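Protein sequence lines correspond, in order, to chains A and B.
So in this note's numbering, spot 94 of the first sequence is number 645, and the numbers just go up one at a time.
So in this note's numbering, spot 59 of the second sequence is number 1088, and the numbers just go up one at a time.
Hints are computed from structural coordinates only; laboratory data are not their basis.
Please read all numbers here as calculations on a predicted model, not as lab measurements.
One thing to keep in mind: the hints can contain errors.
Unchecked claim - Result set (DSSO-like, lysine-lysine): computed pairs, CA atoms no more than 30 angstroms apart in a straight line:
id, chain 1, residue 1, chain 2, residue 2
1, A, Lys707, A, Lys614
2, A, Lys629, B, Lys1171
3, A, Lys707, B, Lys1171
4, B, Lys1162, A, Lys609
5, A, Lys665, A, Lys606
6, A, Lys609, B, Lys1171
7, A, Lys606, B, Lys1090
8, B, Lys1090, A, Lys704
9, A, Lys609, A, Lys707
10, B, Lys1090, A, Lys706
11, B, Lys1162, A, Lys707
12, A, Lys714, B, Lys1171
13, A, Lys609, A, Lys629
14, A, Lys665, B, Lys1130
15, A, Lys704, B, Lys1162
16, A, Lys706, B, Lys1130
17, A, Lys614, B, Lys1171
18, B, Lys1178, B, Lys1090
19, A, Lys606, B, Lys1162
20, B, Lys1178, A, Lys707
21, A, Lys614, B, Lys1162
22, A, Lys707, A, Lys629
23, A, Lys706, A, Lys629
24, A, Lys707, B, Lys1090
25, B, Lys1171, B, Lys1090
26, A, Lys629, B, Lys1162
27, B, Lys1123, A, Lys704
28, A, Lys629, A, Lys606
29, B, Lys1162, A, Lys714
30, B, Lys1122, A, Lys706
31, A, Lys704, A, Lys714
32, A, Lys614, A, Lys704
33, A, Lys665, B, Lys1122
34, A, Lys704, B, Lys1178
35, A, Lys706, B, Lys1162
36, A, Lys714, A, Lys606
37, A, Lys714, A, Lys609
38, B, Lys1162, B, Lys1090
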Amino acid sequence: MKGEYKGTDGIDGIESKGRELVEAKSASLGVGGFIFRLLGFTFSLVACIVIGLDKQTKTVPIKLIDSLPPLNVPVTAKWNYMSAVLYFLVTNAVACTYAALSLLLALVNRGKCKRLGTLINVLDAFMVALLFSGNGAAAAVGVIGYQGNSHVKWKKVCNVFEKFCDQMAASIVVSLVASLAFLILVLVHAIGIHRRT
Amino acid sequence: MATDNPEYKTSSTPAAAPAGVDFFIFDVILRFLLFAASLVAVVVIVTGNQTIYLPFPRPAKFRYSPAFVYFVAAFSVAGLYSIITILASLFVKKSPALKTKLLLYFIFLDALILGITASATGSGAAVAYVGLKGNNHVNWNKICNVYDKFCRHVGGSLAVGLFGSVVAVLLIWLSAYSIHSRAPR
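With these hints in hand, go ahead and build the complete structure from the sequences.
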C-alpha cells in the first residue's frame, strides 16, 4: 500500500500524463481491491463452514426427583436452533456469494467500466452493513450463552456446550475479519477515486 | 450554490463540479436524519424501563442486557458523530478546497459508523427476538408477554436504529457518488 502511494504521488504533479496516471492508479487500486475481496470471500466462507458444522451432543445428568438416581439425557446444540445464528449464517453466505461474483466481475471488468465499479462499491457498503449486523446478532446471543442473564432467568449454556460455543466464537471472529475486509474495500475504492480528482 | 466553486472549474471537469456541490446539501440532510434517528433510538430505549409486580417488583431495564447497553452506546456515538459532521459540513461549505479531502474522511468515518450502528442493531434485534419468541432449546423463556411496554419501546427503538443504519449506508453511497462526480472521466 505504502509503495503504491509513494509511486503515484511521484507522478501526481505531472498533469499532461493524466492517462498514464489514471491507468497506474486503477492498477494499484485493482490489486488492493483484489486482495481484500479475496480475503472477504475466504473469511466469510470459512465462517460459514465453521458455523455450519457446529453441532454438539452431550449427555447431561438431570435429576428429576431427589430420591432417584440422575437421568442421563442426551442434549444437542445445533446452529439452527437459534434464529440469530441462522441469520449470521445467511449473511455470511450472502457475503461469500457476492464476494465470489464481484471478484469475477472485477476480474472481467479490470476498471474499464466505471459504472460497474461504482455499483460494486455500493454493494460493498451494503455487505458491510449486512455482515456487521449478522456479527452483532450472533455475538449478542453468544454473550447470553456465555454469561446468561439473571434478570430474565436465561441460564448460560456454554458451561455445557463448550465446544459448540468455542466454535461459534471462532466463527464470529473470522466473520468479523471478513466484514473488516469489506469495510476496507469501500475505503480502497474511495481512495482510488479520490486520487483521480 | 453552483457558482462559488472556481477551484474545480480549473482543475477538473466543469460540468461535474456543481453537481458535487448540490450533493453537500443532501449530505447535511442525511446527517441530520442520522442524528434524529440516533437521538430517538436512544431516548426511546432509555425510557422503556418497566417494573411489574408479581408480587415482588421485577424491573426490566435496558442496562440489564449487554446488547442493549451496546446499542445505546453505539447510537450515542452515532448521534455525536453526526452533530460533529454536520458542523464540519456547514463549516467547510465556505472553503471548497477542503471539500474533496473532507469527503474522503467522511467516507472513512461513515463506514466505521455504519459498522457500529449495523452491529448494534443486529445485536439488539437478536436479544429482542429471543425476548419476543423465547428459545425452548436452551430454555430461555419469552419475556415480552410480561414486559409489554418495555418490549414495545425496544422494538420501536430497533426500528429507528435500523433506519439510522440505512441512512448510514445512504451516506456512504452519496459520498462515494459525489467524490466520483468530481473525478475526471
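Each hint, compared with the structure:
{"no.": "1", "hint": "A/Lys707 to A/Lys614", "in the structure": "holds (18 angstroms)"}
{"no.": "2", "hint": "A/Lys629 to B/Lys1171", "in the structure": "holds (20 angstroms)"}
{"no.": "3", "hint": "A/Lys707 to B/Lys1171", "in the structure": "holds (15 angstroms)"}
{"no.": "4", "hint": "B/Lys1162 to A/Lys609", "in the structure": "holds (25 angstroms)"}
{"no.": "5", "hint": "A/Lys665 to A/Lys606", "in the structure": "violated (45 angstroms)"}
{"no.": "6", "hint": "A/Lys609 to B/Lys1171", "in the structure": "holds (25 angstroms)"}
{"no.": "7", "hint": "A/Lys606 to B/Lys1090", "in the structure": "violated (33 angstroms)"}
{"no.": "8", "hint": "B/Lys1090 to A/Lys704", "in the structure": "holds (14 angstroms)"}
{"no.": "9", "hint": "A/Lys609 to A/Lys707", "in the structure": "holds (16 angstroms)"}
{"no.": "10", "hint": "B/Lys1090 to A/Lys706", "in the structure": "holds (18 angstroms)"}
{"no.": "11", "hint": "B/Lys1162 to A/Lys707", "in the structure": "holds (18 angstroms)"}
{"no.": "12", "hint": "A/Lys714 to B/Lys1171", "in the structure": "holds (26 angstroms)"}
{"no.": "13", "hint": "A/Lys609 to A/Lys629", "in the structure": "holds (12 angstroms)"}
{"no.": "14", "hint": "A/Lys665 to B/Lys1130", "in the structure": "holds (21 angstroms)"}
{"no.": "15", "hint": "A/Lys704 to B/Lys1162", "in the structure": "holds (15 angstroms)"}
{"no.": "16", "hint": "A/Lys706 to B/Lys1130", "in the structure": "violated (51 angstroms)"}
{"no.": "17", "hint": "A/Lys614 to B/Lys1171", "in the structure": "holds (24 angstroms)"}
{"no.": "18", "hint": "B/Lys1178 to B/Lys1090", "in the structure": "holds (11 angstroms)"}
{"no.": "19", "hint": "A/Lys606 to B/Lys1162", "in the structure": "holds (22 angstroms)"}
{"no.": "20", "hint": "B/Lys1178 to A/Lys707", "in the structure": "holds (26 angstroms)"}
{"no.": "21", "hint": "A/Lys614 to B/Lys1162", "in the structure": "holds (27 angstroms)"}
{"no.": "22", "hint": "A/Lys707 to A/Lys629", "in the structure": "holds (16 angstroms)"}
{"no.": "23", "hint": "A/Lys706 to A/Lys629", "in the structure": "holds (17 angstroms)"}
{"no.": "24", "hint": "A/Lys707 to B/Lys1090", "in the structure": "holds (20 angstroms)"}
{"no.": "25", "hint": "B/Lys1171 to B/Lys1090", "in the structure": "holds (16 angstroms)"}
{"no.": "26", "hint": "A/Lys629 to B/Lys1162", "in the structure": "holds (18 angstroms)"}
{"no.": "27", "hint": "B/Lys1123 to A/Lys704", "in the structure": "violated (57 angstroms)"}
{"no.": "28", "hint": "A/Lys629 to A/Lys606", "in the structure": "holds (5 angstroms)"}
{"no.": "29", "hint": "B/Lys1162 to A/Lys714", "in the structure": "holds (26 angstroms)"}
{"no.": "30", "hint": "B/Lys1122 to A/Lys706", "in the structure": "violated (54 angstroms)"}
{"no.": "31", "hint": "A/Lys704 to A/Lys714", "in the structure": "holds (23 angstroms)"}
{"no.": "32", "hint": "A/Lys614 to A/Lys704", "in the structure": "holds (20 angstroms)"}
{"no.": "33", "hint": "A/Lys665 to B/Lys1122", "in the structure": "holds (28 angstroms)"}
{"no.": "34", "hint": "A/Lys704 to B/Lys1178", "in the structure": "holds (19 angstroms)"}
{"no.": "35", "hint": "A/Lys706 to B/Lys1162", "in the structure": "holds (16 angstroms)"}
{"no.": "36", "hint": "A/Lys714 to A/Lys606", "in the structure": "holds (9 angstroms)"}
{"no.": "37", "hint": "A/Lys714 to A/Lys609", "in the structure": "holds (10 angstroms)"}
{"no.": "38", "hint": "B/Lys1162 to B/Lys1090", "in the structure": "holds (19 angstroms)"}
When each numbered hint is compared with the structure, violations occur for hints 5, 7, 16, 27, 30.
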